[in-house]
Each structure stands twice: as C-alpha cells, then as structure tokens.
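S.K.: In case you want the letters, here they are:
Protein chains: 4
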Amino acid sequence: MSGNSIGKLFTLTTFGESHGLALGAIVDGCPPGIELSEADLQLDLDRRKPGTSRHTTQRREADEVKILSGVFEGRTTGTPIGLIIENTDQRSKDYSNIQDTYRPAHADYVYDHKYGFRDYRGGGRSSARETAMRVAAGAIAKKVLASKGVQIRGYLSQLGPIAIDPTRFDWSEVDNNPFFSPDAQAALEMADYMDALRKEGNSVGAKITVVASGVPVGLGEPIFDRLDAELAHSLMSINAVKGVEIGDGFDVVSQKGTEHRDEMAPEGFLSNHAGGILGGISTGQDIIAHIALKPTSSMRLPGQSINRQGEAVEVITKGRHDPCVGIRATPIAEAMMAVTLLDHLLRHRGQNADVVTDLIKLR
Amino acid sequence: MSGNSIGKLFTLTTFGESHGLALGAIVDGCPPGIELSEADLQLDLDRRKPGTSRHTTQRREADEVKILSGVFEGRTTGTPIGLIIENTDQRSKDYSNIQDTYRPAHADYVYDHKYGFRDYRGGGRSSARETAMRVAAGAIAKKVLASKGVQIRGYLSQLGPIAIDPTRFDWSEVDNNPFFSPDAQAALEMADYMDALRKEGNSVGAKITVVASGVPVGLGEPIFDRLDAELAHSLMSINAVKGVEIGDGFDVVSQKGTEHRDEMAPEGFLSNHAGGILGGISTGQDIIAHIALKPTSSMRLPGQSINRQGEAVEVITKGRHDPCVGIRATPIAEAMMAVTLLDHLLRHRGQNADVVTDLIKLR
Amino acid sequence: MSGNSIGKLFTLTTFGESHGLALGAIVDGCPPGIELSEADLQLDLDRRKPGTSRHTTQRREADEVKILSGVFEGRTTGTPIGLIIENTDQRSKDYSNIQDTYRPAHADYVYDHKYGFRDYRGGGRSSARETAMRVAAGAIAKKVLASKGVQIRGYLSQLGPIAIDPTRFDWSEVDNNPFFSPDAQAALEMADYMDALRKEGNSVGAKITVVASGVPVGLGEPIFDRLDAELAHSLMSINAVKGVEIGDGFDVVSQKGTEHRDEMAPEGFLSNHAGGILGGISTGQDIIAHIALKPTSSMRLPGQSINRQGEAVEVITKGRHDPCVGIRATPIAEAMMAVTLLDHLLRHRGQNADVVTDLIKLR
Amino acid sequence: MSGNSIGKLFTLTTFGESHGLALGAIVDGCPPGIELSEADLQLDLDRRKPGTSRHTTQRREADEVKILSGVFEGRTTGTPIGLIIENTDQRSKDYSNIQDTYRPAHADYVYDHKYGFRDYRGGGRSSARETAMRVAAGAIAKKVLASKGVQIRGYLSQLGPIAIDPTRFDWSEVDNNPFFSPDAQAALEMADYMDALRKEGNSVGAKITVVASGVPVGLGEPIFDRLDAELAHSLMSINAVKGVEIGDGFDVVSQKGTEHRDEMAPEGFLSNHAGGILGGISTGQDIIAHIALKPTSSMRLPGQSINRQGEAVEVITKGRHDPCVGIRATPIAEAMMAVTLLDHLLRHRGQNADVVTDLIKLR
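For the record, the sequence lines run as chains E, G, D and L. Okay, so the first sequence: first residue is 1 according to the working numbering, each after it adds one. Okay, so the second sequence: first residue is 364 according to the working numbering, each after it adds one. Okay, so the third sequence: first residue is 727 according to the working numbering, each after it adds one. Okay, so the fourth sequence: first residue is 1090 according to the working numbering, each after it adds one.
The set of hints was computed from the structure by calculation and includes no laboratory data. Some clues are possibly wrong.
What the hints assert, rightly or not - Just the calculated beta-carbon pair ranges, DEER-fashion:
1. L:R1389 with D:P992: 51 to 57 Å
2. L:D1254 with D:F895: 48 to 54 Å
3. E:N272 with G:K511: 41 to 47 Å
4. L:G1399 with D:T814: 54 to 60 Å
5. D:A889 with L:D1189: 51 to 57 Å
6. D:E926 with G:K511: 31 to 37 Å
7. G:K511 with E:L188: 38 to 44 Å
Glycine residues also receive a C-beta, built at the ideal position from the N, C-alpha and C atoms.
Looking at chain E on its own, in the form it has when it is part of the complex:
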C-alpha cells in the first residue's frame, strides 16, 4: 500500500529517482487478453519527452520503456506487468553545488526533514522524472479503456496569462504545436511569451484540461471513493499541481442553482456543468477536469534561501529545466485520469456486475 501505490483493483506502484539507475513500475490487475506492446507505451512517452522543441528542457531523456512481464504472445496475461526505463542522461555535476542548499519551492527542505537526508542530485524522488512511469502505466489503462469505448484526451487551456479561445477550439491542433494547445493562434502567442520568459530566466504556471468521453454511467464508490475525489487525488498527486476542478470548478461558487443544474430530457442532458460526475458517480456525460500547475521552481533568477546549517544563502539553479512544466503535463494528466477510471470500472463491475436495468442511458 504505502505512498507509492495507487488504485485498488488496477494498481500502479512506481520507483525511481532522477539520478538513480532506472525508473520502474508494476502495473497490477490489468484485465487479461488485451493486446499490448512497448510501442503502445512509447507513443505517449514520446509526447511527454523533453528536447523536442526549444520550449522544453534541453535534457536528453531517451525514455525507452521495456515490458518485463505480464505480456505473453502480445496479450496481457492478467499477471503483474513490470516496466522499466533506464536513466541514461543525468549529468550529476549540474547539481553538485546545491548539495547543502535548500532551493526555494523545491522539495529539498522537506525531504531532508522527513527522511534525515536526501539524494540531492536533481530532484531525487521528487523530480518530474517519475512522471514517465505514470505515462507508461496510463498508456496501458488507455488501451483497456479504449476497448470499452472510453477515450481520454487533454489539452492546455491556459499558459501564464494566455488563455485559449473556445471559439477557436480544434482537437486536431493539440498535437500540432509544442504546447498541446487546441487553439493554433494562442499557440503562436505562447511561443513568443515563452521566448521572452526564457530570456528572463523565469517560469510561469499553466492550466490543463482533461476530458474522458464514452464513460459508462455508474463509476465511483461513494462516499469516500467518489469518482471526483479519486480523480482529485490522482491528479493532485502530479508534481506541481496546486488545484483540481471538476466541471465548472470554482465557477460554481457564484452560480445560482438554476444556472448550475444540468437538466435532463429524453434526448439527453441539457448541459454539463457537473463535468460528468454527480453524487460522486459518473453520469455518462464527458468527464471534465482541470488542473493548475505552479511555475517551475528551477530558475536562473537568484532567490533567497538557507542551507543545511540554517545560514542565509543565495540560490541560482543552473542546468537544464522546464520554464513551464505545463507544457509536458498534458499526457501525465491524461494518464492519471485513465488509471483512475479503469480502476473504477473494475471496482464497479466487481460489486455490481449483476445489476441489470432497462433504464434509459442519457449522454
């Protein structure tokens, strides 16, 4: 169980630090008989990979995943799937000057206090490197979900001050720019903004939206494992996330009941303010979640901090880093949505497979 495991039936457990020998994961409870190969996983890993544009970190990460078990003759066996990615490019020397220093807004300080010491090279276990395994596991979950008509897609809805324009929304644009922006014009503005940011040596936050469509009604286990609560958990567990919304999120604060409620008619729901989840259970409508990612903590601009001895120091993070974490988070958010939805699909059918109704399903 412990903290590096998530899910009850479809379970993901991971290990690995930024400068360790390898990252790895065990994906347990995957239904048997699903066609699976490394290529399925590599697709999403490549979407996440840095070094593909000038807007992402220049750190070369091969990120080649290997499947070590749980697949036989091209299909999942139902036994645990072991995954591994060897770390090939870490460049320890970039971080040696901060061995005793606590970088502001990093996890250095808390790891030292919690464990007594830490692997100070890069971010150690708190580094964003661990997200590679989330993406690999998410690819497995996506495959299974796809076989049941569930599709999960994400996009960047805002980068710093630049929000996408819903009237220019086009899903096919998402993979056409380095930002996962569904708004081509906004993507151009983002590029300019990022160039300026890079020159400045600063960073900025982002907001990602993930949408799951074709979700069957009935997923979610009230009252504590409500589907929205579990999605909040898996999404907030992503490095740098500071907020999670379902549907209209914080907009509901000022909405009146008559504005917010999604009325129903025989032809379907008349709106989707709920974001596809009511009473903690999926309604069959698109599940819509948004996450807020804080600006990267690694910046060239100096900041005040202390060192291990409690003395005041100035910190400058050299080396390679992402000026905007948001640029890479889209596949990670999709992955976490997939992992959680599949877990709930299995849990729901585990308990309720005998339920047969002739009720009309709305969308």
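Put chains G, D and L on the given structure of chain E with help from the hints.
M.R.: Just chains G, D and L, lined up with the frame of chain E:
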C-alpha cells in the same frame, strides 16, 4: 476497504442514509490515552446543525452522538471507536412524489443506474446527512492533533458573489454569525442576499477555506499519497464540492516563478504561496486549502427532467433544504482536514520515527 | 483500513468490547438487490449463542442484531450496511478482582503493553464477544454466495482427544447436538468428556472443519492474495486459533508426490488432497479448511502470573466462560470463509469479467 | 493494492514469471538511514539458490539482484527501493510439450480458467521463481529488524517421514547441510532418502519452522490484522504451503487449558505454547511458526490429466525440478516473517508511539 472507508492508520468508515434508522461510524487507529467524551464531538456537531438560523434548513436534526466503544474511563483505548446518531426527524412524505423522478443535479439518476434501484426518500446515502459522521470523527482527530499543537480552523471566504474582505479579517467573528464569515460586514450582506435567494426559491454556491497551523514538517507520503493529493481526496469527497485548491490554487496559473516561490531565510519562510505543502510534504507553515461548493440541487424553482421510464417531467423540490450548502460545510471541511492530517502524522512516524536531525525548522 | 477491517471489495469493519454499550459492524460492498432481513442474520447468531446447552457458557447474551442501513424494502441497496447488537448482560463485578492482574494466556498483558492500559472488564476488545459481528456479517455473505450456488458448512472434527469417525459422518447430525459434530456417537462421548472437564475446572482445545461447495473456478489473486493465504488470514484472525490447514494440511509433509497430487480425468478430479485450491486459486472442487483452537484461557484452576506491578500472583478466573471454545467456533469459521470467498468472487469478476472460455470445468 | 502487494506501511510488490525477461520488486516504506547494499540481499538469495547440491534442482539461476533506487551513498533514503533480477537460464524447450496440457497439482488449469490463457512455459507467474524477490525483500526487512535487536532464523523440522530430533538441535548445523537441518544426523538420513526419491522420480513434502527472537511486545493489530493472522497470510502465500501453525499449532487441539497456558512469573514466562503471540499481539517471547509444504508437483512419474480440449492425457514432467521444495523454503519463510514483522513494527509505532509505561517486560 471499499468506498466508505478513508485513511490507512487512522481510519474512518461510515454508514447511514438520510431516512434509515441511524447514521454510524467506526473510527479505527486512534492513539490510546486521549481524553474523549461525547461532549467533545457534540460541540462540532452543533456547529454543523441546521435549524439554528433562518438561513439554514428548517429540518430538525437532533444529531446527538453516542460513543459505543473504544473509550474507557474517559480515555481512548486504542481499540475501534463506534459512533451512532439516531435519525429522529425525516418526514418521509415530503419526498414521496419523486419516487420515480430524477431530480436534476441530484444523485438519483446515477444511483439507480449503478445499483439498479435506490432508497428514494430524501438523498438516501448521497444525502448531506452522512456528513454528521465526518464531523464527529473529525472532532476525535482534532482532539488528538490539538494534543500535538496542531489547530484546524475554517471559514467561509465567499458566498455567491460576496467575497470577504481580507482587510476586515477577524478569526473571532467566525463563530459570531450563521455563515462562519470572518468579516462581520460581509456577513450582513450575506444575510440580505440569502433572504432574497430564499424568496426567489433559488440557491447559490460558496467557497470555504480551511487552515491548519502548528503542523510539523514532514507529513505526506510521496508520490501518490502526497499530503495535498490526500487532502484533495478527502475534501473533494464532501457532498457538493467541485474544486479543491492548496495555497494559491488556480492563481498559480498566471504567476511567474519569482512571484510564486516562497523564499527562505534563517528567520523563516518569507511567504506562503505553497499553502504549507511542497513536494507533497508539509513544510511546517500553515496548510491552506480552499474548496468550491456548488449551489444546492434542491430548489423550489421547477426544472426539466425525466422519470424512471424516460419520460419528460417537471420537478419541483418541496420540503426543507439548504439554500446554500456552504453555510454548513465549514465544520465538515475542518473535519476532513483533521482526519487526513492525523492519518499522515501516524503514517509518517510509523516509517520515520527513528529520523533525528538537528536541522533548523522554519515556519 | 487499519486492523479492524478485512476485505478489499466486500469489506467488514467492526467495533465493540465485551463490556461496552454495543457491538457493531459496517459491511461495505455488498452487491445490491439481495433480499436481506434481520432474520437471516439471527439464524446464524443463534447457532453461536451460549446458554443453549449445559456445555456452553451460562452467560446470557441476547445477541439481537439490528440492521441500521443499507437495506430498503427488503433488499440490499449496495450502500454500506450498519449492524448493531446491544450488550445486555455483562456482570462487571465478575472481573473486578483482576483489574491489576494479568491472566495467563489472555491478552491482558499484551494490551496493557501495547496501549498503556486496557478495559479490564472481561476480555475487552480481545473477548470472544466480537465474534458475534463476524457471524452477522458472514450471514450476509452466505446469502449472496447462496444466490450463486455456493454453500458453506462447518463441523467439529475433534474435541480434545475425541475425533469424529469419518465412516459415521452425517451432515444432518451437525445441528442435532451442541457440538456441531457430524458423528452422533462421538457427540455422546464429547458430552461425557465435557462434564468431567467442567467438574475439573479445566478446558480443552478443538479442531473445526469448514467446507465450501459450488465454488466457481478462478477465485484468488496470486501471489500474495492467494485464496488460501486470505483464508488463512481470516480464519487465523478468529480468537483462539493457533493453526490453519487447507486440504490435507500438515499431512502433506510425509506424502509423496504421487500420493498427494489430484489427478484429472474428463469426468472430473480424481481426488481432493489440495482442498480445492491450487496455485492459490480455486479449482471448483470443495474448499476444505481446518482450524485448531486452543483451550479456553479462563479456568477455575489457579495459575501463576504477575500483576501490573510485576509481583507474583495466583489467578483464578471465576464467572462464566466456555470450557471449550470450539463448541461455538463452527458458525464463526463458516462466517469468515464466507466473507473471504465473497470478497474474492467480487475481486475476480472485477478484473476478469471479460474472460470467456469454452474450457471444460471439472469438479 | 491488488494481489501482488503485501503490507500496509512496509510494502512489497512484485512482478515476474519464470520465463519472462526479469523478476522485480518494489519495496516501499523502508525506514531511511539503513545501510544497504546488493551484498546484503545476495547473501540470502544464495542460500535459496538451486544447483548448490545434488539434492536441489539442476537449473542454473544466476539470481543476481540489482538495486535500482531508494539507496544513496549506501543508505536507504526512505523512497521506494526498486529491485531486479534478470532471468538468464530458462530453457523454454523443456516445457513445450505441455502447452495444451494441464499438469496435475499445478496451477495450469486454474490460470487458464481465471485469465482465459496462460504463459505455459514453466510455471509462469505461479512458478517458484517469484520467491527470489520475496527473499530479496526479506533481506531488507531483516536488516532493519536486526538494527532493533530482532533476529529471524528458520530450519527444516521434517522432510517426508524424517523428523529432526530436538535433543540433537544445534542452530550452527543449519547452514552446514543442504537441508537447513539443525540435526546433523537427520541430515544424513535425509540425504539417503532424497537419493532414493530422485531415483524413483517422486517427490515428498516438508515442514519448516521459523523463529523470531528479540521481538518487542505489542506488535499486531487486532482483530483482523492480528499478528498471527498476518503471519498466516504471508506464510501461506508461499508456493506449496498447505498449513500454518503458531506455537503448538494443531497440538493444542488435545491440550488441556492447564497444559497449554503459559504462566508468568517475575522472572519471565514459564513456557511458550503460544508461540510468542497472545490475543494476536506479540508477547516478547520468541515467535514460532511452522509451515507444511506439499511435495513438488513436477515429477517424472506419469500422472493422469486432461488437456485444454478436455481429453484424457498422460503427463510426464521432464526437465529440471526440485524433488523437495522444502529444501529451499527456509530462507523464503524467514523472508516472509521478516516482511510481516517489520510492517507491524511500523504500524504499531505509527499508532502507539506515545504510549509510555513502566510495566515490566517479560521474555
């Protein structure tokens, strides 16, 4: 485990529907030797109780909790604590006309689909009645945490369009008005606004903020049981919550790195944009979380819906209900923060009790 | 989760001490639509109830269970089922002289050390009273399993030195004597043996066998949640159990491979040394488990011990107690087998419901 | 969580089949600051390794374990420890003739039914290969426990009909013979017996005893996670185990209360029939557990079975296998005892670290 249980060491499991015989809970893993009595629990339950002002529901709920086990001679024994609250005032007849109808924005539709049928009286298991047990359990957690110097307090930061003014913030005002507002002037505006809303027969959303102070550094179990992820889980599991933020939440999207980062000096942290959690671990600063609650789904204003047979119907919810759920959610949010923090305090010391450092602790 | 919860999908959590106000349980994850009433539970509780023969304790326990939630119009709703039994007859004064004394072979010593102090009246949480809730929950599980053709029955196979004779085995005898013995003649010998034991003021152990028939093939989640491992867990968790066997149990130590293996033929398995479980997964054959129960620790015959201060004392347990715990354990063992099997039935279908084969099923 | 994970705070999750690319594990929740290297793990792995005597399988398994994460500068970091062992010698062709055949007493039949198909090479996931990871993880747990004065040692108490003689018991003999027998003379008899068995092409069962000494009082989480129940779970989860006993085990059936109870005196417990656990909690005495292992199912002697099509076939298992699994199980049983004890040590201190008493501790 299943869905009605939360926590790994300090565990809360609940049962009970709005119109069943009783609500109950089992609180397991409470450290022994803590002084505990029904009075400790009743205090917070009374804060949550409807019928105390014209602004909350007129449904009379006695909400008298009884401790059935786990306490001997006034102290917790370390064995599971059984709690019960008998349901005394349900008035079934208020809901009989909606036996076959799906109320918009309620869980009726999804419960019928998930389980094949439902207890249609009131909200059944999805009713806000179940929150009484969260509050009772939270009171136990608060007691234990208090013995370790941790204090948890919440307040209403926004009701509909009315936000509190931070310059008029006063903790002592929170218990002086029916809204848990720390801004006395805003409370007056809220009263007027609510009167108008009640006349209109509508409802509105709210935003609650919870603050935990005196939290030791080191709580949280990366990477999946990060403290913020677990708080997001327990807070989002509250009925009607559609969004959770830690620290600056969605404001981080447009913040630059230099604005967001909390720099450190020998005298302490210089800001708290992070909301007390970094890398998923508590820093020792105040933990600040915000939740968004949607407007109550039960309204007198008619709405379009369908019935069990899939036919179009109009729905009007008569009977007693809250025009703003937010008014009662403050003690519930405090309770969930307490339950999660205590669970993590125990988990952290379980694994890391041998860690001794002479590192400087900042606040 | 903590220690008072068992099961992953079908979950049982209990509370209650021998001298507290009540015993209770929350049964979560029960499939919806199952007909359930207090009568279903009371049947098995009465089988377990002391005071029905001179061979069991004279303590009057009403053991009337109430269902507080999770059932609507006579059927389970899929929401958690709350159960309660009020403690009506404890007679505190019987135990007051041992407030500071550690009774040998009881849990007094370990509870004091683990928690710092204990409820010294009777056995507190370690008392056999808590088994009432296991039996109630087991009755629910049995009901669900019965709807799927699975039947669970237990019997006493040995009381002290008196073993049943397999050639005289008759299932219909089990409920005809106070011992759950399927061998009527052995039951008579047991009665005489018990009378002598009672005069002597001593106690003796017992061995119980539980059989589950009609179990589908495929239950069990290797490698750690193998069905036999999980049964060992739930059976060993019963008060006084010191050993668990599956199938031939410890007899396999001296068996050769050719003797032990259960060969297969088109008409079915040719033997059942495995006890219905291979590789940790059910084969479809009867699941056979045996448990060894130690002699009751409460005896009139004095024993040496120490008190809280570490001084040597002599201990005599007056009051009412069972000279042979085994006499009551049969329904408890059935209950635990039921709870575990149902949990695994749900887990298996949760992950593998899509598996369809035309393989021949053997029995 | 799922089935390939065990433990709540100190958690072991494994993957890997006999003929897959590698075996692996993630050990999570290990306290930080413990010195750990591959050599620590290799020691126990070598004790388990086949090919070291003519009495064990001739299959060459390098079993070289690598630590991939969670250790920095020679000490555990508190972050998850990834372990890997590459499979180097599988010889697929040995098993190809049984692709469609169900070997009696193997898991072939049940895996096909549970998952729809299986990796038929060797035992797949049900093979004893997976135990390598248990031993590696157990070595980590042993290291942590040793730092707290807890020692775990096991031995073979019986091989087929040959039981060790307690009067000739010598711990130092255990590592002097291929059987882990503490009785040198019995070891010689066992050697002869095994030679005859090998000639015959048959196999036989065994009984292993594991002893944990120096265990602090108070470990175990009643009522379901009693220490004995959890040990029964982890020991029964070992391949081929059909029975588990704590202390006197099944001997208690015929014991009287006066014989069984472990009386106490100021100088300590006067006996240890309980095997170190009372009321599900450790007493401080040696924890003694016994397991019964069935004879290996792979034999040269032909057996009756069916194939995938349900037709009668004769099965002969060629290739390399253990005539007595018991010979290798000692380190595995020690490992599982270690893993479970460490988990409980952390859980106990998690909940009860504040308990301070001046009670006398007995041994």
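S.K.: Within 51 to 57 Å: is that where the Cβ-Cβ distance between R1389 (chain L) and P992 (chain D) falls?
M.R.: violated (24 Å)
S.K.: Is the gap between the beta carbons of G1399 (chain L) and T814 (chain D) within 54 to 60 Å?
M.R.: At roughly 58 Å between Cβ atoms, T814 (chain D) and G1399 (chain L) fall inside 54 to 60 Å, so the hint holds.
S.K.: Go ahead and decide if the range 48 to 54 Å is satisfied by the Cβ distance of D1254 (chain L) to F895 (chain D).
M.R.: violated (37 Å)
S.K.: The hint says 51 to 57 Å between A889 (chain D) and D1189 (chain L); measuring C-beta to C-beta, is that right?
M.R.: violated (43 Å)
S.K.: N272 (chain E) and K511 (chain G), beta-carbon distance inside 41 to 47 Å?
M.R.: holds (44 Å)
S.K.: Taking the CB of K511 (chain G) and the CB of L188 (chain E), does the distance hold inside 38 to 44 Å?
M.R.: violated (53 Å)
S.K.: Do the Cβ positions of E926 (chain D) and K511 (chain G) conform to the proposed distance bound of 31 to 37 Å?
M.R.: violated (53 Å)
Hint violations for this structure: numbers 1, 2, 5, 6 and 7, all remaining hints satisfied.
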